[in-house]
Amino acid sequence: MTDQAAANLEDGHAGAEPVTAAWIKTELARHPQRPYPMELIQRIFTDFSEIHGDRAFGDDPAMACGMARFHGEEVMAIGNLKGHSTKEKVRRNFGMPNPEGYRKALRAMKIAEKFHRPIFTFIDLTGANPGLAAEERGQAEAIARNLREMARLRVPTIATITGEGGSGGALALAVADRVLMMENAVYSVIAPEACGSIMWRDAGKRARAAEALKITSEDVSQMGCVDDVVPEPLGGAHVDAQGAVALLDAKLQWHLSELRAMPLEEMIARRMSKFRNIAQFYTG
Amino acid sequence: MSWFKRPENEIEANAEKRVRTEGLWQKCDGCGQFVFKPDLEANLQVCPKCNHHHRLTARRRIDSLLDPDYELVDLELKSTDPLNFVDIRPYKERLEKARKQTGLNDAALNAVGTLGRHHVVLSVMEFAFIGGSMGCVVGETIARAIDRSLASARPLIIVAASGGARMMEGVASLMQLAKISAGLATLDDRGLPYIAVLTHPTTGGVTASFGMLGDLNIAEPGALIGFAGPRVIEQTIRQKLPEGFQRSEFLLEHGMLDAVVPRAELKSYLDRALDFMQPPSQ
Ligand SMILES: [Zn+2]
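So the protein sequences, as listed, match chains R and H.
For the first sequence, the residue numbers in the numbering used here are 3 to 286.
For the second sequence, the residue numbers in the numbering used here are 10 to 291.
Looking at chain H on its own, in the form it has when it is part of the complex (with noise of 0.2 Å):
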């Protein structure tokens, strides 16, 4: 595109108002630059100048990763508020909010089709919606992705994105952690692939789950990860910490992923993971 052929300078001045009058340009968070929005969708949200992950929504990311006929599954679930939460807000509220604002039941997306050579089922979390977090509606989406891929012996490949448990759902909403796990095992048992996609941010009980439990757990560049968020650690170790603490390659240094995988790169190298994970021919 001829816009970022111009001077930087001269794109900063202009762009402020630019935001305002046309809606056009983004400010992005990586690097503060004004970026053109169709060349950040184009882009798959990330940026042009800096290569700043920027967040997908969980039907883009579908489109992103399976081949255009795929078919989304297990959407009817809604949860029913077990705990008849309130706080400042009925939580019942902020479920119709959500619904509206995603176009989704819940926090989860579970698709299937096809991913280059390979048939797979394919969960998506959706962090617009109440921050990813996982209630009971998400821990059965995901349990039955699961279960899809039992029943049908396909791949399963699960991209997080997720605050952790959703409290508003209290101590049902941490038994999905187990719920998943068992699921997993049983995958594992047979012997079929698994692989969690990590982004950003991943955290809380569904890192310390199926974020943890792939055959490959990859992530993508810059994603924070972690099991405590990086404010409650703070204020545990009452110090700041280090930069880069709890991102994507701070993980892959310490052991903790397979690999950083931009997410340009993801198809690709999800396709040819799943061609080593394939049962060898006779």
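For reference, chain R alone in the conformation it holds in the complex (with noise of 0.2 Å):
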């Protein structure tokens, strides 16, 4: 997963390559129209209040965290910032969070664990970024503490890859009791170009390596890797926002609901088992 985030910038060009499910997928997850987690977060919640900073560097603008209600209850909502605009993607560093972004997002996280309010977090994201100042400033530092104290964190988590799950990025806001995927997401480990450029030697090879990595919604459900899949409206979120809106807000109030009616304890260790025993594709 190093190499991955970045060259999904430097794009080829798919040229004669034939068109796959999963490519199709991976356009839909991408769509310029398709509701962002913050669009999805004002939708969804009430008196959303952002908060700021991390307390060590700065305030990422690719990472929004904010106190708000859902259904009138307190919670803590979490997701990363992209924008539409060319100037607001520039602003929002097209989407993908530097350190400080990741450690206003666990700051959040135990300001809600410390006064018991569930967390929600939504992610819409290429990767981490991988930048110059993102290494020195320790990004993967960054990464690994979200993903360890996510693990622990004494309140309920919900998480929602709503479009694109790109690797680590994605995970250190997806350590959740209830990991869920917007139907037409995509979660991987690389981006598709990235993939197709190292394996392939050809950037272009983006959508066999779409197929080839089992990034859907369909698959990544089927190999167990999240919790539950969020059906979508016909034709996908970006025709039909508000419904694409009324259908996630239930799956959120069911798993919540879920989750607040099993002791705490028996939350945690249940969500502890379940990483532990992710993802066992071995003999022996």
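Certain hints may be false.
[As the list claims (entries may be wrong)] Computed from the model, here is a short list of chain R residues facing chain H with C-beta under 10 Å:
1. Glu-143
2. Arg-154
3. Gly-206
4. Arg-210
5. Leu-215
6. Arg-278
7. Thr-285
FYI, nobody ran anything at the bench for these hints, they're computed from the structure.
Treat the numbers as computed from the prediction; the structure is a model and nothing was measured.
Backbone N, C-alpha and C fix where the C-beta goes; we use that ideal spot for every residue, glycine too.
Put the two chains together into one complex; each comes in its own frame, and the hints tell you how they fit.
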């Protein structure tokens, strides 16, 4: 997963490569009209009140965290920010968080834990920012810490991959009691373009790579790497955002009520056991 | 050795031929000089001339850290190729080739034994096995090392050497980051020691999970350590990276490592650190 996030940016031309079903899904997941995490948060929650900064370096414009109300209940909502216009995209670093973004998110999660509030995360990013400054400030450490700390949070956590679930940068917000994937989202260890350029030495092999990587919600859920798939309206979330929001909202309510029904220790034990036993594709 | 008392140029001049004829000389990746192989071997693959740390196999690493009566464990795991992945070659073929080359089933090797004054659980990655990449078997092997540490209340040491998650196992390999990090949360909750040793190279999802989660994160000199690979970063920022970027010394300077420890001192460093981490006697 090292060489992937950015190869996405260089991108090749598909040329005569056949289009695959997984590639069509990838394009849907990346559709510019698709509701982004912050739009979902604005529609699903009320009274979103943003909190800023990681208390160490800065405030990452690619990550938003805030107190919010979910059907009247106090919760923490976290999502990465992408931006639609070119100017906004640049400001949001194309949705790729820096270490301070992950540290801000963890800080928000710890606040939620202290006050016994559930945490919702919404993820649509190519990957964590692969940059010089990000390395200097410890991108790897920031992600690693989130993985470990999320695993032991003492409040209900629900993560949703809403568009692109790009590798470690996505997982750093998705070690949760329930991990959901929207129907047309993709979740992958590496961007198809980067996989193409590494394995076939040709970024244009992205459609074939997407197929080989099995990144669709159907495949990922079949492998047991997410807990549930959220259906989307006919044609996809980009043609009917309100419909998509209603379907997602219903799933979030259902999963939260399930987690609420469990004693806390049991909920945490189940989370730990889920990740201990995840993706057991081996013999012996 | 008398070999090295000779003038340097004499060795330079003769060495290339010797590599082909006798295979006793190896060109050092650090200084470019030819080094007598048995000397390199005796020095744990560290160049006697320039101190460059060459790669050590997982097995040799274990030999260098544990007393000889250690036991190798968790050896039986084999990947089932969950994606049935084929690029220009089937993943199954790559696995078979790597197994033949390394004599291992995958890229991690667990051992239990004594390190100086301490009983420890040691997990070591094998870079020669598909770039030390972490798929389901590596993830499970390391998770079992954590389980052993929890069950025996013994410290855990992981020696990393990896290009990151194994893309041929797709999102299943990504999940190994979560599996191991969750295990390390439990280990931490129990107050058990975990030391991460980062060796050349450690990048991607391995750095961004257990590589950075030790009570102490230490590295060998000159090791490449990072999240994104240098090539990717150069493409992103469209400029050349500064000299020494993402090397151990750079990470130390930026506050990401507790220490850079030469290979010859690694065992005594770990032994000393574990003294500190032992529960105080009552
Ligand atoms: Zn040398």
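Comparing the hints with the structure gives:
no.: 1; hint: Glu-143; in the structure: holds, 4 Å
no.: 2; hint: Arg-154; in the structure: holds, 4 Å
no.: 3; hint: Gly-206; in the structure: violated, 14 Å
no.: 4; hint: Arg-210; in the structure: holds, 8 Å
no.: 5; hint: Leu-215; in the structure: holds, 5 Å
no.: 6; hint: Arg-278; in the structure: holds, 6 Å
no.: 7; hint: Thr-285; in the structure: holds, 5 Å
Against the hints set out earlier in the document, a violation occurs for number 3 only.
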